[in-house]
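Trainee: Two chains, two separate frames, one set of hints: put the complex together.
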Amino acid sequence: MSGTGHQPQAQAFRRAMYRFGHSWLSIAGLVIVVALILTAVLGPALVPYPEHVAGAIRTAARFQPPSSRAWFGTNEVGQDVFSLTVAGSRVSLLAGLGVVLLGAAIGTLVGAVAGYAGGWVDEALMRLTDLMLTLPSLILAMAIAAALGPGLGNMVFAIAMSWWPGFARLVRGEVLAKREEAFVLAVRALGAGPARILGRHILPNIISPIIVKMSLDMGFAILTVASLGFVGIGVKPPTPEWGSLLSLARGYVPDYWWTAIFPGCAIFLAVFGFNLLGDGLRDVLDPKTRR
Amino acid sequence: MLRFILRRLVLLVPVLVGLSLLVFAISHLLPGDPVALAAGPQATREEIAALAREFGTDRSLPVQYWSYASGLLRGEWGRSVLTRRPVWEDLRIYLPATLELVVAAMAMAVLLGIPAGLLSAIYVNRWPDYLSRLASLGAISMPRFFLGLLLQIGFAMELGWLPLDGRYPLIEEPPRFVTGFLTIDAMLALNGQALMLALLHLCLPAFAMSLSPLATITRMMRAATIEVLQQDYVLTERALGLPRRLILFKYVARNAMSSSLTVIGLYFGWLLGGSVLVETVFDWPGVGLYATKAIVTQDFMPVMGVTLAIGVVFVLVNLLIDILYGLLNPKVRLQ
Numbered sequence: 001m002s003g004t005g006h007q008p009q010a011q012a013f014r015r016a017m018y019r020f021g022h023s024w025l026s027i028a029g030l031v032i033v034v035a036l037i038l039t040a041v042l043g044p045a046l047v048p049y050p051e052h053v054a055g056a057i058r059t060a061a062r063f064q065p066p067s068s069r070a071w072f073g074t075n076e077v078g079q080d081v082f083s084l085t086v087a088g089s090r091v092s093l094l095a096g097l098g099v100v101l102l103g104a105a106i107g108t109l110v111g112a113v114a115g116y117a118g119g120w121v122d123e124a125l126m127r128l129t130d131l132m133l134t135l136p137s138l139i140l141a142m143a144i145a146a147a148l149g150p151g152l153g154n155m156v157f158a159i160a161m162s163w164w165p166g167f168a169r170l171v172r173g174e175v176l177a178k179r180e181e182a183f184v185l186a187v188r189a190l191g192a193g194p195a196r197i198l199g200r201h202i203l204p205n206i207i208s209p210i211i212v213k214m215s216l217d218m219g220f221a222i223l224t225v226a227s228l229g230f231v232g233i234g235v236k237p238p239t240p241e242w243g244s245l246l247s248l249a250r251g252y253v254p255d256y257w258w259t260a261i262f263p264g265c266a267i268f269l270a271v272f273g274f275n276l277l278g279d280g281l282r283d284v285l286d287p288k289t290r291r
Numbered sequence: 292m293l294r295f296i297l298r299r300l301v302l303l304v305p306v307l308v309g310l311s312l313l314v315f316a317i318s319h320l321l322p323g324d325p326v327a328l329a330a331g332p333q334a335t336r337e338e339i340a341a342l343a344r345e346f347g348t349d350r351s352l353p354v355q356y357w358s359y360a361s362g363l364l365r366g367e368w369g370r371s372v373l374t375r376r377p378v379w380e381d382l383r384i385y386l387p388a389t390l391e392l393v394v395a396a397m398a399m400a401v402l403l404g405i406p407a408g409l410l411s412a413i414y415v416n417r418w419p420d421y422l423s424r425l426a427s428l429g430a431i432s433m434p435r436f437f438l439g440l441l442l443q444i445g446f447a448m449e450l451g452w453l454p455l456d457g458r459y460p461l462i463e464e465p466p467r468f469v470t471g472f473l474t475i476d477a478m479l480a481l482n483g484q485a486l487m488l489a490l491l492h493l494c495l496p497a498f499a500m501s502l503s504p505l506a507t508i509t510r511m512m513r514a515a516t517i518e519v520l521q522q523d524y525v526l527t528e529r530a531l532g533l534p535r536r537l538i539l540f541k542y543v544a545r546n547a548m549s550s551s552l553t554v555i556g557l558y559f560g561w562l563l564g565g566s567v568l569v570e571t572v573f574d575w576p577g578v579g580l581y582a583t584k585a586i587v588t589q590d591f592m593p594v595m596g597v598t599l600a601i602g603v604v605f606v607l608v609n610l611l612i613d614i615l616y617g618l619l620n621p622k623v624r625l626q
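First to last, the sequence lines map onto chains A and B. The first sequence maps to residues 1 to 291 in the numbering used here. The second sequence maps to residues 292 to 626 in the numbering used here.
Bound conformation, chain B alone (with noise of 0.2 Å):
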């Protein structure tokens, strides 16, 4: 196992240097000069050029890539051309606070997804089934937007049951800045009534952005479980007269529940670099909000920062999954 996890350790180094190499081809591919942008529409060139010089846009695009890849390592990201604070600094304070939407989305995601697929794979072509169906078809189709606004109106709004937007009030003081996560903040500080505010503020923009990886989970989960069923250990057990419920937790919901693992996996990732909708309707302070301010401003460094991470921890949590498999099915660490 050890062998396992050290072998993909080593692979992730080709593919961090790719990525970073990517992120720069692409930002630098792309027109626009940001440097000019930031100096403002009355700057002079030597002012144009004085500001090159200072964030080294000057210099040639292989000694411009070594010196930000190397930076990288030192934890250096850059500095953003419009406030001037380094992107490494931003990004310790707001990619905590999509992580912690992020994986919220997902536990709400597995949480409902694998019991709903569960179910309708028992009352396959009956009517639990199609109802779940329906709603999963449905609930891919719906823009998280649109969703979180929807629930915007009815709970925060008209029933004024959950907070409306943000992470936590405003005239509160949050728990200390530890891990940046609020939830986990809260708990270290032993603080029960700033944990339940940091939930509270995290259900509607959580519930809204797990409404897509549920509904592919509980289509997966319906998909394998109706494969485990078929298999014939589980007519053997059937046979054998264990309980309908043993089968199914037992035997039949763990093996059914790998292929669910790739789709977290994706849906990571996915759920990352497509923040930026629910956190603009939710004005979530994450890197969504903070890579879209960048963008309008053509600010690189900070984009480029945000793709970066996103990429980063995409893969980590890939590589996770891959460790989880090879926990939850024994054939796959042998390969």
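So here's chain A without its partners, still in its complex pose (with noise of 0.2 Å):
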């Protein structure tokens, strides 16, 4: 008889497998997505020139064609445009998981304060959320990065300072809803501080949404990341990233164009894979938003 009270639960978890299983697009995203961390485990450490990962040159074999030996062709010097593909999806996934982890750590933050606080505190904090959303995220991030210089960490940060206003927004109308819930008047009751209400009561029932948008966020700031790299503000090679590669890639087509299709569609197939697992994981997760 102990086990009733988790019934439910399961079966709600069971049902969302089972929807989740029965989306092919869903399936397909897992796959690629699942894909795509595998590489970037693994990847830097089976490439077959790792040294071409690490700067390394040979201009005699520049601009070779897709063959058996470099199966993406070598780039204008003679770098394996294959080797380079696959490293750069661990700096992709790295970035990416950094600017949405920061973005929902800020906006949790802001958000949480806000909904919780309420009065002027919220005004304040809603009015400058609202305000950094009309602001122009890119140029945002592009000044910001190129202001702290080159590197990844600077990058990261950079985005996830236009990134946090969407997580504010949702974490605010999340708290508001539960704060006047039975269970948080009981805590308060009993004598809890709002810290402490908000992280151990609070905030453990509002996640399933902020997980959400960060899965359905992940696909975006990849973008994102290999956006900066294209326009050349970010990280400086060699360290393979895929928009500066592509960046690099964009003088020597159509005639290498081998340089510049694989890591674009490098960039298309990971975005692509987290916003197929995204939309699936919200229709799962979400039902507010199934339609």
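One or more of the hints may lead you astray.
Stated by the list, open to error - With a straight-line cut-off of 25 Å between C-alpha atoms, the simulated SDA-like cross-links for lysine to any residue are: (1) A/236 to B/329; (2) A/236 to B/494; (3) B/584 to A/232.
Stated by the list, open to error - Residues on chain B that point at chain A, a partial pick, calculated with CB under 7 Å: (4) 309; (5) 321; (6) 323; (7) 437; (8) 444; (9) 564; (10) 565; (11) 571; (12) 586; (13) 594; (14) 605.
Keep in mind the hints are simulated off the structure, nothing from the lab. C-beta atoms are modelled at their ideal positions from N, C-alpha and C, and glycine is treated no differently.
Mentor: Structure, rendered in structure tokens:
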């Protein structure tokens, strides 16, 4: 009899898994994302020319078309495009994850404080959030990244600075809804402070929409990272970043198309995979938005 | 209706003040000394100080903000430290170029997205629906700069149908500058050939830019149409024997379109801010490229100008959308 309390939850979970498993688009997304993560974790160790990833060049073998020796051909300094593209998955994934995590952390903090405190604190924080949303986020990220100087960490920070408002609005709404619920009143009556109420009682209850938004944002974060690389702000060579690889290759199309096509397809595939997965997860975890 | 518009206009004032304050604060929080950078590595301390005095960066921050904000109202948006040109003059040339591109992209997205969404909803869960859903998910994931490059390879380099980049052929004389929108200027000059050239140059970059709003509008339109189709009044109309086409275009589409309007407003700002990606690929002389050049040299005044201009356009477009809402849906006006 002791298990009965968990049964509805387990059932809901099974139902969610069933729904997820029956949407082949979500499964395709999951497969792409898992493949991407495996590539990012194992890839740099398995690539045929790890020295090219580290920045070594071999100008004698420049611009060789795809062949059995170099699957994706070689670029303008004779580096193996396949090795660079595979290694780029780690950079993109880490940067994308960093942006989403940092953005979610800042946004959750701002949103939770605004929603819980209410009054002028809420008003001030939310007006700031709205203003941030009207600013062009890409230009803002470019300006911050350029001012901080090149580097993966700086770029992640710069993008996250324009990423948090979405999370702040989401979390504020959820906190407002939960704040008045009986269990919150009960903990407050027991004498818990605001930090404990928010951290231990409200946040665990609103984590699922936050996770859904994080997974939905992941594809777009990877895209933004690649965009900054493409306009030449962000990580610097020899770091193999898809956007900057594509930007360099732009001068060599259409004759040496392989230098551009493969990094470009990698960006598309990564973003597509995360978007499919995010859509599927939203359908499963957030039934309100389901159609 | 007039009161509704007036009230919205008054509400703009604090937003614009906040926007200018925020842009100013961010640009002064960032590390780096643009004046020292512009003076060059060999500059002496006196030269840097002289330049700082010339650009007013040696004064206290509140004084600087006050002079910046009051200058904004007079149309003095500061000067570039590097080129010494007034930012306002540059914006007058570059902003119309970007706006023309964004408007063209938005027009493409609406003209293709609304029928696609309707079609998807009519054939819900049949093959046209699956196709348009998969295509729109793919389209959202496609990097605009990669798509632009592919379009260039295909339509400009291989087929040679459309111009590779730029806004107008370098060897031709563009129509006289009136609005800065080449298409409008060409029409004002009654120059058919110039209009044709401007439109041809617009095709590829506008399409590259339109793909992601197109996909979103398709999805929104699909979802909204499915919802409207289930309303009781549609059932009534069907029971009364109204022709299917009339129901769809007169009653369903109009009601479903209002949700797409919001998307248009949101995307407008997003495209303006992200225009740099397409502008880089197509060498389009707009605010994106202008801002990038300024960002790389840490020339803050142009960056602030572009950010602010985009913010203002974004706010104004959303105001326009709200007014359109009021026209489409009388209930909104009374709230």
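Trainee: Are the hints correct? Go through all of them and say.
Mentor: Hint-by-hint comparison with the structure:
no. : hint           : result
1   : A/236 to B/329 : holds (23 Å)
2   : A/236 to B/494 : violated (33 Å)
3   : B/584 to A/232 : holds (11 Å)
4   : 309            : holds (5 Å)
5   : 321            : holds (4 Å)
6   : 323            : holds (5 Å)
7   : 437            : holds (4 Å)
8   : 444            : holds (5 Å)
9   : 564            : holds (3 Å)
10  : 565            : holds (5 Å)
11  : 571            : holds (6 Å)
12  : 586            : holds (5 Å)
13  : 594            : holds (5 Å)
14  : 605            : holds (5 Å)
Checked against the numbered hints above, the structure breaks only hint 2 and satisfies the rest.
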